[in-house]
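Colleague: Okay, here's what each chain looks like letter by letter:
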Amino acid sequence: MKILVCISNVPDTTTKIKFAEGNTSIDTTGIQWVINPWDELSLTRALELKDDATSGVKSVTVVHVGTASSEPTIRKALAIGADDAIRVNAESSDAWFVAAQIAEVAKKEQFDIIICGIESSDFNGSAVGGMISEFLGIPSVSAVSSLKIENGQPVMTREIDGGKEVVNVQAPFVAIVQKGIAKEPRIAAMRGIMMARTKPVKLMEPLAIEPLTQIIEFEKPTPRAACKYIDADNPAQLIDLLQNEAKVI
Amino acid sequence: MSVLVYTENWEGKFKKLSFELVSYASGVAKMLNTTVTAVSIGKVEDNELKRLGNCGANKIINIINDQLITLDNQAYASVISDISKKENATVIIISNNNTGKAIAPRLSVRLKAGVGSGVSRLPLNINPFTVYKRTYSGNAFAHLVIKSDVKILTLAQNSFDLIETANNASIENLNVSVDGSLVKTSVKDVQKQSGKILLTDADIVVSGGRGMKSPDNWPPLVELATLLGAATACSRPVSDEGWRPHEEHTGQTGKIIAPNLYIAVGISGATQHLAGISSSKFIVAINSDKDAPIFQAAQYGIVGDAMKIIPKLVSAVKEIRK
Ligand SMILES: Cc1cc2nc3c(=O)[nH]c(=O)nc-3n(C[C@H](O)[C@H](O)[C@H](O)COP(=O)(O)OP(=O)(O)OC[C@H]3O[C@@H](n4cnc5c(N)ncnc54)[C@H](O)[C@@H]3O)c2cc1C
Ligand SMILES: Nc1ncnc2c1ncn2[C@@H]1O[C@H](COP(=O)(O)O)[C@@H](O)[C@H]1O
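Order-wise, the sequence lines are chains A and B.
Letter by letter, the first sequence follows residues 8 to 256 of my numbering.
Letter by letter, the second sequence follows residues 27 to 348 of my numbering.
Don't read these hints as lab results, they were simulated from the structure.
Partner residues are not named here, just some residues of chain A that face chain B (Cβ under 7 angstroms, in silico):
hint, residue
1, Ser133
2, Ala134
3, Lys171
4, Val176
5, Ile222
6, Phe225
7, Cys234
8, Tyr236
9, Pro242
10, Ala253
Straight-line Cα separation of at most 25 angstroms, DSS-like style, residue types lysine-lysine; simulated pairs:
hint, chain 1, residue 1, chain 2, residue 2
11, B, Lys111, B, Lys173
12, A, Lys114, A, Lys209
13, A, Lys227, B, Lys281
14, B, Lys41, B, Lys222
15, A, Lys155, B, Lys281
16, B, Lys42, B, Lys281
17, A, Lys114, B, Lys210
18, B, Lys41, A, Lys171
19, B, Lys69, A, Lys171
20, B, Lys39, B, Lys85
21, A, Lys171, B, Lys39
22, B, Lys316, A, Lys235
23, B, Lys69, B, Lys111
24, B, Lys210, B, Lys111
25, B, Lys307, A, Lys254
26, A, Lys65, A, Lys190
Simulated restraints on C-beta separations:
hint, chain 1, residue 1, chain 2, residue 2, range
27, B, Glu74, A, Gly144, 32 to 42 angstroms
28, A, Arg198, B, Pro271, 32 to 42 angstroms
29, A, Asn96, B, Asp315, 44 to 54 angstroms
30, A, Thr31, B, Gln322, 23 to 33 angstroms
31, B, Pro271, A, Thr205, 35 to 45 angstroms
32, B, Lys316, A, Glu157, 48 to 58 angstroms
33, A, Gln117, B, Asn91, 28 to 38 angstroms
34, A, Ile38, B, Asp92, 42 to 52 angstroms
Being a predicted model, the structure only gives us computed values, none of them experimental.
For each residue, glycine too, the CB sits at the ideal point set by N, CA and C.
One chain only, chain A, in its complex shape (with noise of 0.2 angstroms):
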């Protein structure tokens, strides 16, 4: 079996987000890039199948849309053990032009498990993966917390509003995860460094697509208003200006 692992290129989570050029874009100075904490998490799932002989998963391949400016994060993931990368080179521009992008990677390679995160850090679009699903006519789940091979067969579970189902899927299909797929990131060793400069990143040129949306300006979140402290001594009054002030229980 071949696992693709999609990743994203985003800012650290810790970043303050600032906006350049009349806040149509995001000031990218002093930006630390990461994988994408989802990715990450998948990527170290698909490792651990690989580890693991009983699951018949021989290899683990990751895939990005982006430009040559991502190159460290690919690197990261190879380090991290990925066996090896393909690179779409362009701007990533809308959810529909990167899953047409890596449905066409898909269509070539052939591989029986697609994983993407549930979202994006950055774009927050909840998208790519089920749209790489429709466009290879082939199932998805998303939603999911955990996945095993068992027998064979991917067994995965989902979480639903209130709940939990284990669903069943015969290969190739998506899987969109999320909390629990695994618990911590894998991390890079010295070796996986060192063997990650010798691994291939196959470079792609993209298919010529529209995107169907833009972003044409960013906004700050609506301030809130300052903090109103209430003394420790007298919690109660907090109850009565949640009660006859936010009017919120």
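Here the structure of chain A is known, so what remains is to put chain B with the ligands in place on it, guided by the hints.
Modeller: Quick look at chain B with the ligands alone, frame taken from chain A:
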């Protein structure tokens, strides 16, 4: 032309979010000078369906089909896209919950429709069609232009007030045939949490962090939540430590919630935590450190020891509930 809204039901009942969706759809339809068609899949009582009408649906399509009892993303997307074509829908509105996130992108590819996910507020403009959407995990909001003829919006929960007035919508029971070859997933087992207020449904959430010190200190916090009709939540280290169940973890890598009131007890307010709760209408912070970043996000704060404060809050709530 019409606005189509998919209203999910849970064992035959709608939730507040279903009605919010229809109210939102009705707002969008007014901007476009058109009508709202609501689609419901699965057995739902007529009086529940009528309430969709009261929230602004002009027409309700009710689908019952045995192949659609559990969610198969592909089959659901196929059924909803067929109806949206029949209804000549130009805007399709779905919740930004797990189900919506599973269906919307598949629908997008079927209809070549751009997706605006996690929108709040009505569209900023209809020409070009521009929505207001969460990005950078709540640290920025984008004006997103959707250029395709058909647009799909997933609405953030608790971001639009539901408006209800008596209205007589038509209800159409529709038989659809589902191409069996599209149903490729099967559900083997279901585990439901019972009796608890679900975190994603709750209007009020009481949440504890590492400042609670030990799982043994939770009972007063749970009592406060019960008195307020609130759900309980926690920060990531708390669920990682196994002090509280994983379903309660809120934040960037946990649940993203938007209750009316979020009470954070012994939580420092790391950006990754705020990413999951920053859309709450009101945030209360209770923390012994006056410089904890959570106070910057909060509208009400108490600087002090949670162990002493929570029991006093419990008594105060009991007092007003007398
Ligand atoms: C990629 C990534 C993703 C992450 N995702 C999440 C996420 O989804 N959710 C999340 O929560 N975290 C997440 N984190 C972790 C996050 O960075 C913080 O470490 C975490 O939120 C801290 O949890 P806390 O506030 O409970 O603990 P702490 O930061 O240890 O804060 C404890 C607080 O309790 C206060 N306190 C101590 N004693 C008392 C007392 N007696 N009474 C009142 N207050 C007291 C202290 O002053 C302090 O402010 C993530 C981190 C990374 C790197
Ligand atoms: N540029 C990209 N290259 C590769 N994978 C991506 C890219 N953008 C998003 N993804 C994948 O799609 C998931 C969801 O992203 P989004 O739809 O933007 O929320 C991410 O967790 C990644 O797995």
